[in-house]
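Peer 1: Given next are the chains, with one letter for each unit.
2 protein chains.
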Amino acid sequence: MKFGIQAVIKAAEGKGDELASIMLQAANLLSTMDGCILYLVQQSLTDDSKVLITEVWDNKASHAMSLTNDNVKALINQAKPIIVGMEHNPAKVIGSHGI
Amino acid sequence: MKFGIQAVIKAAEGKGDELASIMLQAANLLSTMDGCILYLVQQSLTDDSKVLITEVWDNKASHAMSLTNDNVKALINQAKPIIVGMEHNPAKVIGSHGI
Chain F
1 MKFGIQAVIK AAEGKGDELA SIMLQAANLL STMDGCILYL VQQSLTDDSK
51 VLITEVWDNK ASHAMSLTND NVKALINQAK PIIVGMEHNP AKVIGSHGI
Chain Y
1 MKFGIQAVIK AAEGKGDELA SIMLQAANLL STMDGCILYL VQQSLTDDSK
51 VLITEVWDNK ASHAMSLTND NVKALINQAK PIIVGMEHNP AKVIGSHGI
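Protein sequences, first through last, are from chains F and Y.
Residue numbering for the first sequence follows our numbering, beginning at 1 and increasing consecutively.
Residue numbering for the second sequence follows our numbering, beginning at 1 and increasing consecutively.
One or more hints might be untrue.
In silico lysine-lysine, BS3-like type, Cα no more than 25 Å apart, as pairs [what the hints assert, rightly or not]: (1) 60/F <-> 80/F; (2) 2/F <-> 60/Y; (3) 80/Y <-> 92/F; (4) 2/Y <-> 15/F; (5) 60/Y <-> 2/Y.
Anything over 10 Å on all C-beta distances counts as not near chain F; from chain Y, calculated [what the hints assert, rightly or not]: (6) 13; (7) 14; (8) 72; (9) 77; (10) 78.
It should be emphasised that the hints constitute simulated quantities derived from the structure, not laboratory data.
Just so we're clear, the structure is a prediction, and the values are computed from it rather than from any experiment.
Built from N, CA and C at the ideal position, the CB exists for glycine as well.
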């Protein structure tokens, strides 16, 4: 079963662009990894401190494996100090147009 | 500028599967429309009443145009009675892997 995530990550005030930039680096890094079908980084138009992440993986294990990668861990550690909140929904993929 | 949306739509208790099915019909319908780059339907693994929608459009006007389509309106009307809440973030696309 395909495994997905939809998350809203809230950066400290004034840090939305920096967080978006870090998450875009994550997208580029994950594009080289097995099983990553989609990694989309958006930024809310109504609150630029909110970075919106949508992920689709071929299965849950591929996602879990990605988190053990040293470069991914380094990006997480870079982001942590500027993150003040997160809403995180692990999900099953029902269907899509576009991927 | 590419225009995106990330939304969490909460169905009435026991109606998550029905809402997911309606939103999947929306995905199939929008796939035929100009400007729809991504329409992803997921369902939360921790609360199956939550249907997660991620959209990417070539611009905001294409998205607005889709909402004037009679078949889209019919699906919205079909979904409305079983929707009890929504978090909706219009967004700019920062970047992605996979689309």
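Peer 1: Need the status of pair residue 80/Y, residue 92/F: alpha-carbon distance at most 25 Å?
Peer 2: 22 Å, holds
Peer 1: For residue 78/Y, which was marked as not at the interface, is the minimum beta-carbon distance to chain F over 10 Å?
Peer 2: Given a closest Cβ separation of 16 Å, the condition holds.
Peer 1: Against the 25 Å threshold, does the CA-CA distance of residue 2/Y and residue 15/F hold or violate the hint?
Peer 2: With Cα atoms ~22 Å apart, residue 2/Y and residue 15/F stay inside 25 Å; holds.
Peer 1: Closest CB-CB distance from residue 14/Y to chain F, is it above 10 Å?
Peer 2: 17 Å, holds
Peer 1: Sort out whether residue 2/Y lies within 25 Å of residue 60/Y, counting only the CA atoms.
Peer 2: Holds, at about 7 Å.
Peer 1: According to the definition I'm using, a residue is off the interface if its beta carbon is farther than 10 Å from all beta carbons of the partner; does residue 72/Y meet that for chain F?
Peer 2: 13 Å, holds
Peer 1: Looking at residue 77/Y again, its CB stays over 10 Å from all of chain F?
Peer 2: 20 Å, holds
Peer 1: Does the alpha-carbon distance linking residue 60/F and residue 80/F stay inside the 25 Å limit?
Peer 2: With Cα atoms ~23 Å apart, residue 60/F and residue 80/F stay inside 25 Å; holds.
Peer 1: Keeping to a limit of 25 Å between CA atoms, is the pair of residue 2/F and residue 60/Y held or broken?
Peer 2: Violated. Residue 2/F to residue 60/Y sits at ~29 Å, over the 25 Å cutoff.
Peer 1: Does the claim that residue 13/Y lies off the interface hold, with its Cβ farther than 10 Å from every Cβ of chain F?
Peer 2: Check passes; 18 Å lies beyond 10 Å.
In this structure, only the earlier hint numbered 2 is contradicted, and the remaining ones agree with it.
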